[in-house]
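Chemist: Put the two chains together into one complex, using the hints given.
Listed below are the residues making up each chain.
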Amino acid sequence: MTNHWRDIRHADLILINGANPAEAHPVGFQWFMRAKLDRGAKLIHADPRFTRTSAVADMYLRIRTGSDVAYFGGLINHVLQNNLFHDEYVRNYTNASFVVKDGYAFSDGLFSGYDPDKRTYNIATWAYESNARTGYASRDLTLQHPRSVFQLMKAHYSRYTPEVVSSITGIPVDDFKKVADLVGQMGKPDKVMTIVYAVGLTHHTTGGQLIRSGAVLQLLLGNMGRPGGGMNAERGHANIQGNTDHAISWELLPGYLRIPAPGQKTIADYVAASAPKKSDPHSWNFFGTNYSKFMVSTLKGWYGDAANKDNEFAFNFVPKPAQNSSWMSIFDQALKGKMEGLILSGMTAASIGPDSNQVRQALGNLKWLVVMDPLPTTSSEFWHAPGVDASQVKTEVFMLPTTHWIEKDGSFTNSGRWAQWKDQVLPPEGQARHDHWILADVFQRVKKLYQSQGGKFPDPINSLTFAYKDPAKPELDEIAKEINGKDLATGKQMTSFANLKDDGTTTTGDWIYTGSYLDTGNLMKRRQGIQDPKANDPTGMGFYPNWAWSWPLNRRVMYNRASADLDGKPWDPARPGIAWDGSKWVGDVPDYPATMNPRDPNAYLPFIMNGEGVGRLFSNGMVDGPFPEHYEPVESPVANPLHPNNSASPVAFLYDKAAGRPNRFGTPQEFPYIATSYRLTEHEHYVTQHVPHLVQLQPKPFVEIPYELASQKGIKSGDQVRVSSKRGKVEVLALVTKRLGPMTVAGQKVYQIGIPIHWGYVGVSADSDPSHGRYWLANALTPFVGDANARTPEFKAFLVNLEKM
Amino acid sequence: MATVTRREFLKVGVAGAGAVAATGLGFDIAVAESTRVKQNLRIAGAKELHSICPYCAVGCSLVAYTRQKSNGTTELLQIEGDPDSPVNEGRLCPKGATAMQLAISPRRVESPQYRASGATGWKSVSWDFVLDKIANNVKASRDASFITTDGNGSTVNRCEGIAFAGGAAFSSEEGYFATKLMRGLGLVHLEQQARV
Numbered sequence: 113m114t115n116h117w118r119d120i121r122h123a124d125l126i127l128i129n130g131a132n133p134a135e136a137h138p139v140g141f142q143w144f145m146r147a148k149l150d151r152g153a154k155l156i157h158a159d160p161r162f163t164r165t166s167a168v169a170d171m172y173l174r175i176r177t178g179s180d181v182a183y184f185g186g187l188i189n190h191v192l193q194n195n196l197f198h199d200e201y202v203r204n205y206t207n208a209s210f211v212v213k214d215g216y217a218f219s220d221g222l223f224s225g226y227d228p229d230k231r232t233y234n235i236a237t238w239a240y241e242s243n244a245r246t247g248y249a250s251r252d253l254t255l256q257h258p259r260s261v262f263q264l265m266k267a268h269y270s271r272y273t274p275e276v277v278s279s280i281t282g283i284p285v286d287d288f289k290k291v292a293d294l295v296g297q298m299g300k301p302d303k304v305m306t307i308v309y310a311v312g313l314t315h316h317t318t319g320g321q322l323i324r325s326g327a328v329l330q331l332l333l334g335n336m337g338r339p340g341g342g343m344n345a346e347r348g349h350a351n352i353q354g355n356t357d358h359a360i361s362w363e364l365l366p367g368y369l370r371i372p373a374p375g376q377k378t379i380a381d382y383v384a385a386s387a388p389k390k391s392d393p394h395s396w397n398f399f400g401t402n403y404s405k406f407m408v409s410t411l412k413g414w415y416g417d418a419a420n421k422d423n424e425f426a427f428n429f430v431p432k433p434a435q436n437s438s439w440m441s442i443f444d445q446a447l448k449g450k451m452e453g454l455i456l457s458g459m460t461a462a463s464i465g466p467d468s469n470q471v472r473q474a475l476g477n478l479k480w481l482v483v484m485d486p487l488p489t490t491s492s493e494f495w496h497a498p499g500v501d502a503s504q505v506k507t508e509v510f511m512l513p514t515t516h517w518i519e520k521d522g523s524f525t526n527s528g529r530w531a532q533w534k535d536q537v538l539p540p541e542g543q544a545r546h547d548h549w550i551l552a553d554v555f556q557r558v559k560k561l562y563q564s565q566g567g568k569f570p571d572p573i574n575s576l577t578f579a580y581k582d583p584a585k586p587e588l589d590e591i592a593k594e595i596n597g598k599d600l601a602t603g604k605q606m607t608s609f610a611n612l613k614d615d616g617t618t619t620t621g622d623w624i625y626t627g628s629y630l631d632t633g634n635l636m637k638r639r640q641g642i643q644d645p646k647a648n649d650p651t652g653m654g655f656y657p658n659w660a661w662s663w664p665l666n667r668r669v670m671y672n673r674a675s676a677d678l679d680g681k682p683w684d685p686a687r688p689g690i691a692w693d694g695s696k697w698v699g700d701v702p703d704y705p706a707t708m709n710p711r712d713p714n715a716y717l718p719f720i721m722n723g724e725g726v727g728r729l730f731s732n733g734m735v736d737g738p739f740p741e742h743y744e745p746v747e748s749p750v751a752n753p754l755h756p757n758n759s760a761s762p763v764a765f766l767y768d769k770a771a772g773r774p775n776r777f778g779t780p781q782e783f784p785y786i787a788t789s790y791r792l793t794e795h796e797h798y799v800t801q802h803v804p805h806l807v808q809l810q811p812k813p814f815v816e817i818p819y820e821l822a823s824q825k826g827i828k829s830g831d832q833v834r835v836s837s838k839r840g841k842v843e844v845l846a847l848v849t850k851r852l853g854p855m856t857v858a859g860q861k862v863y864q865i866g867i868p869i870h871w872g873y874v875g876v877s878a879d880s881d882p883s884h885g886r887y888w889l890a891n892a893l894t895p896f897v898g899d900a901n902a903r904t905p906e907f908k909a910f911l912v913n914l915e916k917m
Numbered sequence: 005m006a007t008v009t010r011r012e013f014l015k016v017g018v019a020g021a022g023a024v025a026a027t028g029l030g031f032d033i034a035v036a037e038s039t040r041v042k043q044n045l046r047i048a049g050a051k052e053l054h055s056i057c058p059y060c061a062v063g064c065s066l067v068a069y070t071r072q073k074s075n076g077t078t079e080l081l082q083i084e085g086d087p088d089s090p091v092n093e094g095r096l097c098p099k100g101a102t103a104m105q106l107a108i109s110p111r112r113v114e115s116p117q118y119r120a121s122g123a124t125g126w127k128s129v130s131w132d133f134v135l136d137k138i139a140n141n142v143k144a145s146r147d148a149s150f151i152t153t154d155g156n157g158s159t160v161n162r163c164e165g166i167a168f169a170g171g172a173a174f175s176s177e178e179g180y181f182a183t184k185l186m187r188g189l190g191l192v193h194l195e196q197q198a199r200v
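For the protein sequence lines, the chains are A and B, in the order given.
To convert, take the position in the first sequence, counting from 1, and add 112; that gives our numbering.
To convert, take the position in the second sequence, counting from 1, and add 4; that gives our numbering.
These aren't lab readings, by the way, just hints derived from the structure by calculation.
Just so it is clear, CB atoms sit at the ideal spot from N, CA and C, and this is done for glycine as well.
Careful: at least some of the hints might be erroneous.
Unchecked claim - Partial chain B-side listing against chain A, Cβ under 8 Å, derived:
no.	residue
1	D88
2	L106
3	V142
4	K143
5	V160
Stated by the list, open to error - Within a straight-line C-alpha distance of at most 30 Å, the following computed DSBU-like cross-link-like pairs (lysine-lysine) qualify:
no.	chain 1	residue 1	chain 2	residue 2
6	A	K559	B	K137
7	B	K51	A	K593
8	A	K841	A	K769
9	A	K560	B	K127
10	A	K559	B	K127
11	A	K861	A	K916
12	A	K850	A	K861
13	A	K560	A	K581
14	A	K568	B	K137
15	A	K506	B	K127
16	A	K585	B	K127
17	B	K137	A	K560
18	A	K769	A	K838
Excised from the complex, chain B in its bound form (with noise of 0.2 Å):
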């Protein structure tokens, strides 16, 4: 069957809807004619992955579409709700259904910032930098408010002088991680968004 383009698809309807006074026919033929197109679908071809929603915590779940590019990079076509999903149907509010503007972004952090104390602007440094140093503060904080016995000669072996807060929006394995972590260093100080 040949094909035709969106616009001929436009010409075929009009001609379509004077031939129903030509021929008393005109309205299937308009079907037929139709039936024709040939769409050239953004997601034909692609990927088709599974993921959920990321903002609040309804858990509807997202059908996305990937596709490689000849350059070896992973194109994002499209992100819609899941039609399979007990949760949402398939449906979507205005949040999930721009949730490729929050994946792909002009936005983002391009790399590791630092900003040394009392300066007036970021540098970017590079990610060796930044995890010794942070490694090297963890240490040393740590080690300044590290309490192994309390007043009441109770073993307490706690850290007091950092804080962690955050994981309302990583996955359940990075926060349990994080948990496991933190608590190992010694922590007392650990925080989500459950209470704000």
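Chain A with its partners taken away, still in its complex shape (with noise of 0.2 Å):
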């Protein structure tokens, strides 16, 4: 999230895409309710099922599942055709006047530089058009050169009328135009919505456009950065943000620099590649600026002694992957017989998926599977799962009982990127051990194994630093310490990523929880809430300053600068983020040098993490086109309506064709019906199947499917009916229902189908049923196919057909 949970009370719209907050999220769903008992705030759910959240909403609009770029696409025009857009935010906030380089075209589907054979773009024709004299960005700030952003944007989202919304989203033209009329007056600067999105935008070949095309109205309404507005993901599992923040992650580093790659020698090598670049003179470009002080402070932390000026500060003890080695890719490499050993930590491939049969073949592939989780999972028992002989899976099985989240301390950061501190409560249950004691210790033996036997590069290994008092027991609380870092000369714990050093005086562990544990003690665990609303929330806008901490700098809503005018006032005075008082910044922990006076002609572009300085409407970030297009699901009924000849993502990686094997796509002919899969409140993922209360409460796994579709098949709630896909088969309950209906997308008729995901042959449920759960996996359907950008899969859209048995 941009902004945090409670601040969600503060916006005057809300539109809810890919998520059901009432159902998925329901105590954070109380700032939704704060917003439209308190202040009037209008709820818009657009989802492909009536949920409990579309039943509180002032308008509930069926879309089509993955088609959101075209709804945010058609708003975005709506805003750009009628001049609704927030005019100086536009001109001075977002790069809206810079100039593109000659060259960039948009035709049929394709922007410029696709190469066919290799399914990817040449993104270089996507760049700004360089400023002769400044050797920065060509900027227009009347918005009229033909080729400023601004006009390219028109332009492209001149195509997406509320007849092409309507077309493609199956949304009536009428309902479309009511939410845009609601939307478009959002612009004005005392007037904030907020976009609240989940995994239905995630989970898709286009999920980062999906996201990236509802950022684009936000800047273009100007309610970015400001209390009330942003993007704001609601995320899943208790630390995934966490743990996304401290890159257990293929493609990071801690605090979310790149990992290097291949053919950088030396630290100048990889902050060139890695680092964003300045284009403005007013841009501070803080990121790029001090890229190469927090990569050197990590490796610092991570290596001491070993890392010093003469060797790089060890930059060749990373490693740098040749390829793509995401989620997929473990499983795509272990088909290839290439994946040797894989270790879960708290999660379960074969449930995941997607394509749960693939991957448990996946797992079979494998010497070796270390599971580490308190309870069995499907994966932990995949090899006697039934319909498998056990004697033929040849792969080493490993179960290690792991404590839970109360037998620990150490913290979990919520969506709002609030690190709250948790204490041990309870001691390990019987054997149970720690995650991370399981891995200090492994790791402890394998580096006894290397001194006695020698091996391949030891270097790492043997350096490595643990500053713990215990080696095979770190404490969380001095992994805490060493996240936060500190000034190697004088010993102190680093106050604020801003001091950090490339010298190799300075350590952190990851630069944007610099500041999070002084020598004053553990900010995360500070509790000043709402017992004192008065002494604790001083801004009376929810910031609660003293409780717990958030990333980075106890900041509560990031890119703060933009809530504020040219001259530093709030947009809104009823609802600042931070303000100028003649000498300093107010309110908000500031997104901006502190002091820095908003009229000095060498201030400071707001955006200040960006090269551009500026919010990008336009961005060659992304590998799958500057701006957001819509682009049908690879398994899709209709053709696209915009452009036919490329309808589906045509970067979107096909794991299956690339590794030579065959696509397993299903044809609309085969697999007539759009499935979606989603999460219901009484359960979360998987663990839950092993809580018999919430068992109780949700005991089979079923799929809704509409009334009319159901009536047309003669099937009633309660029927047992069979959903496949080109890949696999669920045997469950049916339950019908008005909530999902027939829709006309591209002037066809077409229905969906949900498909719940918390089931399997692990756990309660499956101990009771005869088939122990044989055919309850929801991802043995789902597609081996992953976004352009983050190869996240596609969950949420594929085709199926329906029987019943």
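Modeler: The structure is reproduced here in structure tokens:
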């Protein structure tokens, strides 16, 4: 989230797409309801399924899954055609005025630079025109230049008329116009809208662009950086945010630094290839400018004395991947016989999918599998799942009992970036051990093996810092201090990442968490909350600066410089983020130098992390286009109404085909219905299959089938049905409902089927089922294909057939 | 003040209702009697600790109550929403409200389990046994799949044959530590729940 949960109460209009907060994040949803009840905010819910969120929304729009770019694109078009954008903000705080290099083009669904053989774009054709005099990007603040981002954008989205939007999304034209009318009012400085989304937007081959399309709309309306505004992702797991921040992700090092690439020999090579570049004289480019300091301080933290100026701070210790190594790539490599071992810690590959049957085949191709979990999972038990002959499964499997969250301390970072410390409430149950103690112990044993036997490049193993009282049992408090970082000369904890250096005199574990653990103590433990709102929320804006700690630097709303005008006055004085008081910025922790006068001729532009210094309506940071464009899901019942020749994303990654295996995508003739997957209030992914109270509340797997389709097929609620895709099947109960309905898309009637994901062959429900949940894995159906940018699988839009059993 | 049991309290309530007609003061009497109830709160004298809900990422604060038992073990008495939190203001959803059943479960894996290649059942084994075996596997797979220099002559120092995934449910500090160790081993296949 750019903002945070409690902040949603400040919105005038709330667009909810690809999310069902009333059921999936019910306690967070109280802040949506506070906005509605306290300030008359309107809620608009666009979702394939009518849910409890829809029930309290002011408007519910039945949208075809995966078509939200068309929805946001239509809203962008409405705002541009009717001059409803926030003019001062768009001119000064976005790259609308930047001029794009000659040669950029978009035609018949393809941007310039496309290579059909490699299925990739050469994004060099999407660069800014360089100003010969300054060397920076050319700008035209009148926004009239035909190659200005503003004019290119206006032309790009002019195709997204209400009729086209309706044809793609299935939303009736009149309903769409009503929404456009409400959204169009949000460009006024004293109005603010928020967009809230979840994995219903990310889990598509166009996932990155689905979110960008919302962000572009928010920039046009001047809503980024403002309390009550922003782009707000509701994350699904307790610490998915914290452990993304800490880079359990193939392409990252902690704090969103990029993993180095082959060919980079020095820190300078790495920074040149990774850091944002300044493209305007008034851009601070804070991230780009400090990139080497963050990287060197991280390497110094990891490799201690073995990292010094003479060896480029052990830059060669950091692995440099040859190719994408994300989730599906792991199993793709296993299918190719190239992956020997897999360690799963609180995560079950078999259920998570996509394409569970292929993933289970991949698990059987491993030499060894380690599952670390308090409870059995579909991965720990995959080798004797129903229908599997265990004697034929070669993989050596380890199941290590780990502690639950409540048996250890440490912090969870929530969706709003608040790092909240928790106590160890209970000692470890029985023989259970902490995940990090297991990893520490294994690592120490591996190190001993290298010391006694030798082996491949043991240097990083031998020199990795282990400055813990007990190297086999590091305390999370010790690690939290390490993450914050320290000044090696004084031994003092760093107070801000702004003080990190690239000369080897400072350390950090994750620069965005610098400031969380000072010499005075661990700020994530702070508890000054609503027991005394007057004292603990001095601005009255709900920032609660002394409750826990939020990154970066305890800032509660990111990009908050953009919450104030060029003079530093809040766009809406009733809802200030920060304000210039004549000598300093007051309010939230400013996303700007604390005493920089906004009217200083050398004042920085507002978005200090970007090379441009402004928000990007046009971006060459995405590999599938500088503007979001609607593409059909890889499996779709219709051709793209905008460009049928290039219907699906031309750069979506087709794993099977790329690996020489046949693609396994279904056609609408064989698999005529759209399916989408989702979660229920009473379950969380798969672990709650072990919680009896929750199993009682939602005991059996089911699929939701639209009433009209069920009538045609003679299916009643409670009947056993088979839902199948090109990849697999589920056999579960039917729930016939009017929450899903037929819709008209591209002139054709289509049906959507809803599939909750929570069941499998492990847990209380499976134990009481005669088939032991043999065909309960929802992800047996989902396709093995990834978003071009993030390689996120397309869990949310695929084709199935439906039969009564 | 004398105390009454819950059962006696109910009787007082009934008598009080009857007394309304008799004295005209019945309601007040009932209230007066009811204030005499001594509730044996489940959490009386318990230790109050703070946690965060383990499910979604709203980040609801929890209050957990424990008591030391005479045999030295710790008993978890209650988990409820923390009223001080600006995030949840004491509220919990059905999952958070049943967090105790996740914390305390007869379904927990009791000891390290091992299943050899082709075996048809689990074997309970010691921690030393599994940690040694895993360490040997890690070393063998790392050595077998480690690339120091790629085809272009670039130093890459990567281990291609081991993957690590997880962490959406454990503490940030554990996650950071996992990243540090796995990158230290040279892993490139590193993943958690963000993408899936």
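Chemist: Are B/K143 and chain A close enough, Cβ to Cβ, to be under 8 Å, as the hint says?
Modeler: Holds, because the Cβ-Cβ distance from B/K143 to chain A comes to roughly 5 Å (cut-off 8 Å).
Chemist: Given the hinted pair A/K769 and A/K838, is their Cα-Cα distance within 30 Å?
Modeler: holds (15 Å)
Chemist: For A/K850 and A/K861, compute the direct alpha-carbon distance and say whether it is at most 30 Å.
Modeler: Given pair A/K850, A/K861 holds - Cα atoms ~16 Å apart, limit 30 Å.
Chemist: Hint check: is the beta carbon of B/V142 less than 8 Å from a beta carbon of chain A?
Modeler: holds (5 Å)
Chemist: Mind checking the alpha carbons of A/K559 and B/K127 for me, to see if they're no more than 30 Å apart?
Modeler: Roughly 27 Å between the alpha carbons, so the hint for A/K559 and B/K127 holds.
Chemist: Are the Cα positions of A/K560 and A/K581 separated by 30 Å at most?
Modeler: holds (19 Å)
Chemist: Return the status of the interface hint for B/D88: holds when the least beta-carbon distance to chain A is below 8 Å, violated otherwise.
Modeler: At about 4 Å, which falls below the 8 Å cut-off, the nearest Cβ of chain A leaves the hint on B/D88 intact, so it holds.
Chemist: Measure nothing beyond the straight line between the CA atoms of A/K506 and B/K127; if it is 30 Å or shorter, mark the hint as holding.
Modeler: Given that 30 Å is the threshold and the Cα spacing comes to 16 Å, the pair holds.
Chemist: Between the alpha carbons of A/K559 and B/K137, is the straight-line distance 30 Å or under?
Modeler: holds (14 Å)
Chemist: For the pair supplied as a hint, A/K861 and A/K916, confirm whether the alpha-carbon distance does not exceed 30 Å.
Modeler: holds (21 Å)
Chemist: Has the given pair, B/K137 with A/K560, been kept, meaning a C-alpha gap of at most 30 Å?
Modeler: holds (13 Å)
Chemist: Verify the interface restraint on B/V160: the C-beta must sit less than 8 Å from at least one C-beta of chain A.
Modeler: holds (4 Å)
In summary, the structure agrees with every hint in the numbered list given earlier.
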